[in-house]
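Chains as they are written, first to last, in UniProt numbering: chain A, 1 to 188; chain B, 1 to 222.
The set of hints was computed from the structure by calculation and includes no laboratory data. Check before you lean on any hint, since a few could be wrong.
Distance condition first, Cα-Cα at most 30 Å in a straight line; then the derived DSSO-like pairs of lysine-lysine [stated by the list, open to error]:
| # | chain 1 | residue 1 | chain 2 | residue 2 |
| --- | --- | --- | --- | --- |
| 1 | B | K33 | A | K169 |
| 2 | B | K196 | A | K142 |
| 3 | A | K142 | B | K130 |
| 4 | A | K113 | B | K17 |
| 5 | A | K111 | B | K36 |
| 6 | A | K169 | B | K36 |
| 7 | A | K142 | B | K17 |
| 8 | A | K109 | B | K90 |
| 9 | B | K164 | A | K144 |
| 10 | A | K96 | B | K17 |
| 11 | B | K22 | A | K113 |
| 12 | A | K109 | A | K135 |
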Amino acid sequence: MSSTEQGTSSAAPAEPTTAPESAAAPEVPESFYYVHGKDKVVHKVSAGALQHSALIHGMISNLGYTEEQAKANPFPFENIDGDILQMVVDWCNQHKGKPTPPEDTNLPKQKEKLFDLVLAVNYLEIKELLTYCCKQVAMMVKGKSPEEIREIWMIPTDAEDEAAEKEAKKRAGKEAAGETAAAAGDAK
Amino acid sequence: MGTVSPNLLNMPEVVMKEILEKLDLRNIVTLRKVCKPLLLFIDSQNSIPELIDLSIFVNFEKIEVCSNSLKNQSINLEKIENLDQWKSAKNLSIDNFILEISLEKLFHFSFLDVKLRNVDAEILMDLRNKFLESTDPKEFIFTFMEMKNQEKLLEFLGIPEILKNIFGLESQRWKLQYPGTNEKFLEIQISKNYCKFTNIESLEEQVRRRREEAEQLENSGN
Chain A
1 MSSTEQGTSS AAPAEPTTAP ESAAAPEVPE SFYYVHGKDK VVHKVSAGAL
51 QHSALIHGMI SNLGYTEEQA KANPFPFENI DGDILQMVVD WCNQHKGKPT
101 PPEDTNLPKQ KEKLFDLVLA VNYLEIKELL TYCCKQVAMM VKGKSPEEIR
151 EIWMIPTDAE DEAAEKEAKK RAGKEAAGET AAAAGDAK
Chain B
1 MGTVSPNLLN MPEVVMKEIL EKLDLRNIVT LRKVCKPLLL FIDSQNSIPE
51 LIDLSIFVNF EKIEVCSNSL KNQSINLEKI ENLDQWKSAK NLSIDNFILE
101 ISLEKLFHFS FLDVKLRNVD AEILMDLRNK FLESTDPKEF IFTFMEMKNQ
151 EKLLEFLGIP EILKNIFGLE SQRWKLQYPG TNEKFLEIQI SKNYCKFTNI
201 ESLEEQVRRR REEAEQLENS GN
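Assemble the whole structure, with the sequences as input and the hints as a guide.
Structure (structure tokens):
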């Protein structure tokens, strides 16, 4: 969270606060980039932290932005909710330049949040965080009965699924018939 | 991404694969029962071939593993060795698969019918001792691909009786009497790739023994 700007809701980011540097900070000033999610809140993140994301790392390498250009052009991730992007940025900052521990207990326990985090992390190609998330999902499956897994992960039974499919086909058939009748009426 | 329903079926394929890697065999088998799409996805994964066409029957006392299409593939039981069902089961029958496990880890079963990659004559002696600990019915039948320390069998068990089956295949047989009994025997039969330990008297043996007893009685009466 240390190098994240919160509440900056414009495409052009406000003057960013400087991220606290560790005692072992390199002499060469670190470059920063900017990302925003669906909520348009811009997060300032160091290149070191962003290295966790193969997608963003690739974008940085290809674009060759200067500091100014990076500030003026935050990477837009419109498909990621603001709070989820915040979690991702926090994780990247916390694990910047550090070997990742075997366990990560700070992941969300709510399945909706975890699910969105998995999709975001998979999209951003953050391998280590994806591994933690998958482990967490696996933990939510372990020792559960098929019925419990269905309930937790909102999975319909095969019978419910078939019934829903039949219903959808029926509805589509009715709609198609209605449109044909309307078209025939127009033709008259 | 918040618009996608948090349903396990909506996870990207690469994510589902990674989740499966973190689950043990038991949980994957459960997951297969959740719904048809999950069953089809799991069965399509080459990384878990043991699940394809693999039937595992587990009840209170019995574990059976068989497959109609897989033959002589290695099966690693590490993931199920620690299950309570494994520890409490009395019967283990695994058809078509070669077990990558030490025979010692199977000693607790009463009835065993499996294929092993390796056996060690020294472990067979431990098995003999295990059999002689109790007269409860126990039978181990297993084939093996290699036997270590085979030359020590005579040293451990003494001179065997040589049997020949109808195909001319020779096997060695030892009959060891249970301490403190007259009628209870442990029979050990070993051929090139086959081994049988049993303390259950075959019907043929029973008939032979009773005939001998009757003859003795008759002779003593005369």
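If you test the structure against every hint from before, which numbers come out violated? Per hint list: 2, 3, 8 and 9 violated.
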